[in-house]
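Peer 1: Count along the sequence shown from 1, add 65, and you get the number used in the numbering used here.
Warning: the hint list may mix true and false statements.
What the hints assert, rightly or not - Estimated spans, in silico, between C-beta atoms of each pair:
1) R79 to D154: 26 to 34 Å
2) A146 to D255: 20 to 28 Å
3) E204 to D235: 31 to 39 Å
4) D67 to Q211: 33 to 41 Å
5) D255 to H70: 23 to 31 Å
6) E159 to G179: 27 to 35 Å
7) E184 to S114: 35 to 43 Å
8) R123 to G147: 44 to 52 Å
9) L149 to R123: 42 to 50 Å
None of these hints come from the bench; they were simulated from the model. Backbone N, C-alpha and C fix where the C-beta goes; we use that ideal spot for every residue, glycine too.
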Amino acid sequence: MDRKHDVLALLKARGSACLADIAEHLGVSKQGALRHLETLQARGLVEVSTDEHRGPGRPVNVYRLTPAAGDQFPSGHRELAGELVEFLDQTELERFFAARARRLEAEYGVRLAGLDFAERVRELVRLTSERGHMTELVEGADGGLQLRHCNCPIQDVAARGGHPCRHEQDLYRRLLGAAVVRSSWLGDGDASCTYDITTAERKQIG
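My request is simple: use the sequences and hints to build the entire structure.
Peer 2: In structure tokens:
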């Protein structure tokens, strides 16, 4: 029996659950359930938050699925997306992903408004992780920064021409007000999509 898939199925059905509920559902100890949850968190499939409204007593940790967890369940969206990409010509694809980038810029811009550079970088990491990219921030010894997407929720589409990837790079450049260069790509078989970020001033991200 795949306990981890049981956890995902439970969270999919209920929307969220606390550790005690998950352990009871699996028929294991809380410690056993926690090990499964930690593995799923490391894979970017489950996230945890604190719920202060579950009755009296101390706040309770509540677990939910991340957007990336959607791929763990039956879906025809990848096949459909692939068929659409094959059907549309390059001009239509470019227009679609340009419009998508504008929508994301407006959406992300609300959460980045008023933040300084370091705060914008950290918030962009959170935003892209929420969308299933499993983003890591790496700071080099020279002060240079890298955003690493360890997962691509639209990889099947992105690999067919790279339209969303080019717009993603331009989107990050506009949002951060910095030079952004892609140095690795999942579509090439690399371990991540990596964006190197440089600014006129070297700024530490604490």
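Peer 1: Please go over all the hints and tell whether each is borne out by the structure.
Peer 2: Right, here's what the structure says about each hint:
no. : hint                     : result
1   : R79 to D154: 26 to 34 Å  : violated (43 Å)
2   : A146 to D255: 20 to 28 Å : holds (22 Å)
3   : E204 to D235: 31 to 39 Å : violated (23 Å)
4   : D67 to Q211: 33 to 41 Å  : holds (34 Å)
5   : D255 to H70: 23 to 31 Å  : holds (28 Å)
6   : E159 to G179: 27 to 35 Å : holds (32 Å)
7   : E184 to S114: 35 to 43 Å : violated (21 Å)
8   : R123 to G147: 44 to 52 Å : holds (48 Å)
9   : L149 to R123: 42 to 50 Å : holds (49 Å)
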